[in-house]
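2 protein chains.
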Amino acid sequence: MIETIQWTAEGVVMIDQTRIPAEETYVTCRDYRQVADAIRTMVIRGAPAIGVAAAMGVAIGVAGADTAAPLDAQVDAICAELAGTRPTAVNLFWAIDRMKKLYGQLRGKPYEEIRDALIREAILVREEDIAINKAIGQHGSSLIPDGATVLTHCNAGALATAGYGTALGVIRAAVESGKKVGVYADETRPFLQGARLTVWELQHDGIPATLITDNMAGHFLHAGKIACIVVGADRIAANGDVANKIGTYSVAVLAKENNVPFYVAAPISTLDLTLADGGGIPIEERGAGEVTHVFGVQVAPTGTDVRNPAFDVTPNRYVTAIITEKGVARAPYEQTLRDLAK
Amino acid sequence: MIETIQWTAEGVVMIDQTRIPAEETYVTCRDYRQVADAIRTMVIRGAPAIGVAAAMGVAIGVAGADTAAPLDAQVDAICAELAGTRPTAVNLFWAIDRMKKLYGQLRGKPYEEIRDALIREAILVREEDIAINKAIGQHGSSLIPDGATVLTHCNAGALATAGYGTALGVIRAAVESGKKVGVYADETRPFLQGARLTVWELQHDGIPATLITDNMAGHFLHAGKIACIVVGADRIAANGDVANKIGTYSVAVLAKENNVPFYVAAPISTLDLTLADGGGIPIEERGAGEVTHVFGVQVAPTGTDVRNPAFDVTPNRYVTAIITEKGVARAPYEQTLRDLAK
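Going down the list, the sequences are from chains A and B.
Just so you know, we're using the working numbering here: the first sequence kicks off at 699 and counts up by one.
Just so you know, we're using the working numbering here: the second sequence kicks off at 699 and counts up by one.
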């Protein structure tokens, strides 16, 4: 059993996703700044997991607050620090808002009561996330044909969530229903979430996984080797445009060109109905070192100019369906997503 | 000035492309088996450069022949060894056939005469290749708009040829004609020819280069950042289907989807008019280690299953034009390529 993130008496314990597969080590964050650092440096990543981390970050921040000073300003500072870690995954802001709202309801109560309620809420966010992923799996399972080879990009698995996974949750549910399913995993440069995390997770579960470089996906789609694609999402606009790990757009275009269904699996908390379309989704640009170096080894000449957008936006016309814990949405997404989100 | 491959008194000297950019070292191949090894292990790579290496391999093989034994069988063995190194780039077979044909004309002449003629021919193949690339550049230059950002995949530069390059030759010629041109270079996993070789070459020439991971190309095409694409080729079928480095097909599909021209630059020796279409092109599958390890660093779990096709085939419908030393071919390629090859 992979434990991505847990609330413990010692602090927030996360498996260090920067070290897998070389090492299976755990990091204990003892204050909210350490949680923020863990999100920023991708010790924990994946939109739903970032949401859980943010909720626990708020809780541990309040648990470590100066009880002699006003709490409101401290909660604001904690939330601001956590909100500034990564811009694209909306689950981060969703979780912070949820914790803020609860704090707003508790204001004025004794500190210990507020603290304990926020801790309980953060633990609940984690537990709900696992249940949500299992529901996504149930809804998505029927979309995966028996005997299928499914392509996935990045890691939308147990490690990207509190457990079970979104895209990999759909695959797990299909396997649990008795289907034979194999996975092609894009390695997902530059951070190699596919090579490092998805393959590792699937090996743990005994689900056959084949690793390919990102630029091979088109070749295998064209060769008819892929029955369908399932990926996660970092933010979904009201019209169904999907922000997800860089390279998702390319996979979606190549899927459409080859008449292969392209599915997105994500919790309702990934919807951002305040944005009419994907044009408004902020795309994080990360440092050049992720591209020029692999595990510290330099692979490009010194002084190389780099672009490193961490996400891209897939227009809704490439998305066959969006699988949520409340059901499967299909075009027109303006309507179907709003209905599911009710 | 980058010297990819040269005939010297010491043997065939190649810049070691497995070590760039960390080191700029040269390998001296003193017999044909060392040349074959250099091709197999990608010390030298790129279809035209492989052709030059094969020609020099035949020459150095004959130069090292046992003059007391029959030459025919030795030439057959030398050619068979070289032909067995890599299956996809047709230039390898083209160069071996050229050397074999010359040998056939010289059979029965004194050994020294045969040897010297084959050495002269191999040197000529190299010199012709540079001239051919400059002609490709001249023909292709007008296709590159002033101020353009050009995307390229893999390395079809000086290092992939005897000098100047095919795709990068077109870009060099555009720059030499006074145009401002910038390049986006796909890193080109697994072997990272884009990150290691293309960026290095362009830095040498002072042409602005931006490195991206392969899965970012679609994002930047969709964002309107790319004016056109120029790539090389390893084999072009009679109908214009193009085998080139894995990932080329994906880039071509993404270009078409975003109305960006997709150009292929290659010498006539890359045409294989014996193949009606790209379905008959053999695609080399290389070892798993290229994907699971980067410069010796393990990036995927031990025991990971891998697919590693080194090339893919881009159907002719995605190819805007094929730029050769004899002119620019456009659809219908069955007609235009046959005309150029005359």
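Worth double-checking, as some hints may not be accurate.
Note that the list lumps identical chains together, so a pair holds whenever it fits in one copy or between two copies.
As the list claims (entries may be wrong) - Within a straight-line C-alpha distance of at most 20 Å, the following computed DMTMM-like cross-link-like pairs (lysine to aspartate or glutamate) qualify:
no.	residue 1	residue 2
1	K1024	E701
2	K954	D735
3	K1040	E874
4	K1040	E779
5	K807	D714
6	K1024	D970
7	K877	D1037
8	K832	D714
9	K878	D1003
10	K954	E819
Read the hints as simulated data drawn from the structure, not as lab findings.
Just so you know, these numbers come straight off a predicted model, no measurement behind them.
Checked hints:
1. K1024 to E701: Neither: 25 Å inside a copy, 62 Å across copies.
2. K954 to D735: neither (38 Å within a copy, 41 Å between copies)
3. K1040 to E874: neither (30 Å within a copy, 61 Å between copies)
4. K1040 to E779: neither (30 Å within a copy, 69 Å between copies)
5. K807 to D714: So K807 and D714 fail the 20 Å test inside a copy (36 Å) and across (71 Å) alike.
6. K1024 to D970: So K1024 and D970 pass the 20 Å test inside one copy only (16 Å; across, 55 Å).
7. K877 to D1037: Intra 30 Å, inter 54 Å, cutoff 20 Å: neither.
8. K832 to D714: Neither, since 24 Å and 52 Å both go past 20 Å.
9. K878 to D1003: For K878 and D1003, the Cα distance is within 20 Å only across copies (17 Å; inside one copy 44 Å).
10. K954 to E819: neither (41 Å within a copy, 49 Å between copies)
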